[in-house]
Amino acid sequence: MTEMITGIGDMPIVEAPPKPYGRFRDNPRGWLKANLFGSKINGIFTIVLGAGLLYAMARLLKYVFISGRWEVVRSGLTSMMIGLNYPRDTASLTKPWIAVGLLAAVGGLATGVALRRRGSTWYEAARPWLPVVMVGALLASLTETATPKLLAAVVVVILAIATVIGTRIPPERTRRIWIVYWLGVVVAAFALTGRELGAPDNWGGLLLALYVASFGIVISFPLGLLLALGRRSKLPVVHWLSVLYIELIRGVPLITLLFAGDLALRFFLPVGTEPPGRIMRSIIMIVLFSAAYLAEIVRGGLQAVPKGQLEACQSLALGQFTTLRRVVLPQALRSVLPGLVGQFISLFKDTTLLGIIGLRELIGVAETITSYDEFRNQGYLPELLTFVGLLFWVCCYSMSKASRRLETRMGVGVR
Amino acid sequence: MNVTAPRTPLPAVPIWRNALLVRIIVQAALLASVIGVLLYLLSNLTTNLKNTGLPTGYGYLDQPYGSDIPFSSFRPTQSIWDALKVGYGNTVRVASVGILVSLVLGVIIGVARLSTNFLVRTAATLYVETIRNIPVYLLVFASFFVIIQQSLPPITEAFEWFGTTVFSNRGIYVPWLDGYANSGTFMIVLGLGLVVAAVVAAWRTKRFDTTGQPHHRLLWGLGVIVVIGLIGYIALSAPVGVTTPERDGRVVVGGIAVNPSYAALLIALSLYTASHIAEIVRGGIQAVHHGQTEASFALNLTAFQRIRLVVLPQAFRIMIPPLANQFLNITKNSSLAVAIGYYEITRVTQTAANNAAPAPQAYSILMLLYLSFSLSISLVANIINRQLRLESR
Numbered sequence: 001m002t003e004m005i006t007g008i009g010d011m012p013i014v015e016a017p018p019k020p021y022g023r024f025r026d027n028p029r030g031w032l033k034a035n036l037f038g039s040k041i042n043g044i045f046t047i048v049l050g051a052g053l054l055y056a057m058a059r060l061l062k063y064v065f066i067s068g069r070w071e072v073v074r075s076g077l078t079s080m081m082i083g084l085n086y087p088r089d090t091a092s093l094t095k096p097w098i099a100v101g102l103l104a105a106v107g108g109l110a111t112g113v114a115l116r117r118r119g120s121t122w123y124e125a126a127r128p129w130l131p132v133v134m135v136g137a138l139l140a141s142l143t144e145t146a147t148p149k150l151l152a153a154v155v156v157v158i159l160a161i162a163t164v165i166g167t168r169i170p171p172e173r174t175r176r177i178w179i180v181y182w183l184g185v186v187v188a189a190f191a192l193t194g195r196e197l198g199a200p201d202n203w204g205g206l207l208l209a210l211y212v213a214s215f216g217i218v219i220s221f222p223l224g225l226l227l228a229l230g231r232r233s234k235l236p237v238v239h240w241l242s243v244l245y246i247e248l249i250r251g252v253p254l255i256t257l258l259f260a261g262d263l264a265l266r267f268f269l270p271v272g273t274e275p276p277g278r279i280m281r282s283i284i285m286i287v288l289f290s291a292a293y294l295a296e297i298v299r300g301g302l303q304a305v306p307k308g309q310l311e312a313c314q315s316l317a318l319g320q321f322t323t324l325r326r327v328v329l330p331q332a333l334r335s336v337l338p339g340l341v342g343q344f345i346s347l348f349k350d351t352t353l354l355g356i357i358g359l360r361e362l363i364g365v366a367e368t369i370t371s372y373d374e375f376r377n378q379g380y381l382p383e384l385l386t387f388v389g390l391l392f393w394v395c396c397y398s399m400s401k402a403s404r405r406l407e408t409r410m411g412v413g414v415r
Numbered sequence: 001m002n003v004t005a006p007r008t009p010l011p012a013v014p015i016w017r018n019a020l021l022v023r024i025i026v027q028a029a030l031l032a033s034v035i036g037v038l039l040y041l042l043s044n045l046t047t048n049l050k051n052t053g054l055p056t057g058y059g060y061l062d063q064p065y066g067s068d069i070p071f072s073s074f075r076p077t078q079s080i081w082d083a084l085k086v087g088y089g090n091t092v093r094v095a096s097v098g099i100l101v102s103l104v105l106g107v108i109i110g111v112a113r114l115s116t117n118f119l120v121r122t123a124a125t126l127y128v129e130t131i132r133n134i135p136v137y138l139l140v141f142a143s144f145f146v147i148i149q150q151s152l153p154p155i156t157e158a159f160e161w162f163g164t165t166v167f168s169n170r171g172i173y174v175p176w177l178d179g180y181a182n183s184g185t186f187m188i189v190l191g192l193g194l195v196v197a198a199v200v201a202a203w204r205t206k207r208f209d210t211t212g213q214p215h216h217r218l219l220w221g222l223g224v225i226v227v228i229g230l231i232g233y234i235a236l237s238a239p240v241g242v243t244t245p246e247r248d249g250r251v252v253v254g255g256i257a258v259n260p261s262y263a264a265l266l267i268a269l270s271l272y273t274a275s276h277i278a279e280i281v282r283g284g285i286q287a288v289h290h291g292q293t294e295a296s297f298a299l300n301l302t303a304f305q306r307i308r309l310v311v312l313p314q315a316f317r318i319m320i321p322p323l324a325n326q327f328l329n330i331t332k333n334s335s336l337a338v339a340i341g342y343y344e345i346t347r348v349t350q351t352a353a354n355n356a357a358p359a360p361q362a363y364s365i366l367m368l369l370y371l372s373f374s375l376s377i378s379l380v381a382n383i384i385n386r387q388l389r390l391e392s393r
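Protein sequence lines correspond, in order, to chains W and A. As numbered in this note's numbering, residues 1 to 415 make up the first sequence, in order. As numbered in this note's numbering, residues 1 to 393 make up the second sequence, in order.
Hints may contain errors.
[Claimed, not checked] Derived list of chain W stretches under chain A, where covered just means 3 residues or more per stretch with a C-beta under 8 angstroms from a C-beta of chain A:
hint, region
1, 81-90
2, 183-194
3, 352-365
4, 375-389
Calculated directly from the structure, the hints in this document are not laboratory data. Each residue gets a CB set at the ideal place from its N, CA and C atoms; glycine is no exception.
Generate the whole structure from the sequences, applying the supplied hints.
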């Protein structure tokens, strides 16, 4: 890592560069000259690209507000959210709402606690929630009945109340608060699935995508941690087994693993054993897949722990396990968190591949809806795919923004 | 752990605290259990295969494949092994062209993200942030089912672009080269031209090394090839020509047909990978120390010289490992073709497994093929990386 020399004594060598926009705040003409019409070529670029962008924007606006036939999204919304075959009775439909409410409570609580602990402003605390609330509002506006709108409002209220409660907890009592968070998440998962924690095969849509991605990341994390430690181990057998596993998995595409899980896994089970359900088979493969990638992320974190830390532990005669548990892992995992979010995002995007092996995730639902009698052969696919894309985009973009903020705040990579 | 010669003999280390012994035992136990589990799975596999009446070996590869492969001369009576070869070629075709297209696009967009022009910068950022956060499968799916199938006209109403290209949802027909009588000889002439060009370029480089005058080896080399090619073309009385596709009702004659699935896959993968490469390029350029740029200003280098000779070589060094990763990703993502009917190795394997081939063996071969891609790409990347590595003191 290169170190920037910023000054000797009081003499600054390198001045901080001027803020790009501040310079032109009162000088729009200067801004135009510097940013758009600096030279002849720049001017040509500006005009051509400006025209193109304006045209694209006009087309987009026309598509969104005039030509797009969004009623197809409206009528398929429930299927997009929970799947085509999810039972539609009240008891079953309540489960996802309970889970969403619980997650909102956990999220609100975490926001409130962080708000007080860090002394950040309300605006800073609300910012990560803005896209979530916006998508919620969009979805609520697309519903055909009033009940989901009401329930969405209740969720927002829960979020707000939990945030306020979070700010009331004194910081010295929040040391073990993460237990409460985990409890909330686990209870939410059980609220969805009932007693057996597996996902039944009638799930689909966003529910399936989010469940598979979350389940996958949670289960594969300990595995990935073990593999990362194994790869750094001095024992040759442990090292090479880990390397072999990681490189084998990283060398093949996820879809081949999913196919193998779907069609070949049952051959490896003891004779007469019934293979697990289709979704569970995919989750198993996704966990095996994700563990290899997480191992590499965690390895990066382990490598970032300075050697001096280990030497200090040795001089304190700490045992290997204590060194790992008390010194190495706390520092390594801190720097791993953004990578973890990134892995979650890519897993979430990869859940679309479940559609290829015949599960009905968002794209699969969209495809099925276009085969319904009322929508068949009328070219409704663009509208549905736009909606799916928007859903993915908002989720992934806001998560990656949040992870980048996390990175800056924790000073990852900065010593 | 090693204790240097103690004065008074210490009590003997008990066996369970003997570090070396413990290590060996732990590792042996681990290895034995891993092998044990694998053997157990393998025995399950053979029993299950026998019970279902499927072959246990790889002999099935010689059986007929049983289906057509569109846009190829493959016949259903040929073996599964031959089908895999066709699929391998198709994977290589989409991956290699995809790598080239996405690299060019990605470099342009990555540089554009650092442009001083506000609009250029914004457009590039918009592109990157939009595409990166959408699943690649959605792009593949949309580009096939929306762009190709829904937006392109059927063959009877095909859109003909200035009589050179025919767009239809059954295929895109583009102009192609057509060899006549002396085309073989012409190829040899061109090959010779390439050799002469290499020699000329080497001479220019040597001259540059000794005299310091600008070498312009690329210009010289290209010039040599063009001159030799032109002479050969005239001497052999026009050995190659261009055929343009012409549509007559449902039949298109001339040109070459591009598989619409291939086009869709190539578009989607290139657009997606370009957004990732753009970020790598941007990161690489930003990682070059600003002092380098300032130094090239101080030396009065032109903007082109600054970027070509100072910034890019240093940025490239940082960019190689992540770029190799993206090339690997595009190869792996080409497996998404399975959903849109482009017969690369995954699709071929899936069809074979659906017909009669035993799934465990079929997918093991598929994984081995992908591993061969991965290993060869990382091998090349490692070699380049070693050549360009900064010699640290």
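Each hint, compared with the structure:
Remark: the region 81-90 of chain W is not confirmed as covered by chain A, as 0 of its residues place a Cβ nearer than 8 angstroms to a Cβ of that chain, below the required three. Residues of the region 183-194 of chain W lying with their CB closer than 8 angstroms to a CB of chain A number 0, which falls below the three-residue condition for coverage. By the rule of at least three residues with a Cβ nearer than 8 angstroms to a Cβ of chain A, the coverage given for the region 352-365 of chain W holds, with 5 such residues. Under the rule that three or more residues need a Cβ within less than 8 angstroms of chain A, the assignment of the region 375-389 of chain W holds, with 6 such residues.
When held up to the earlier numbered hints, the structure conflicts with 1, 2 and fits the remainder.
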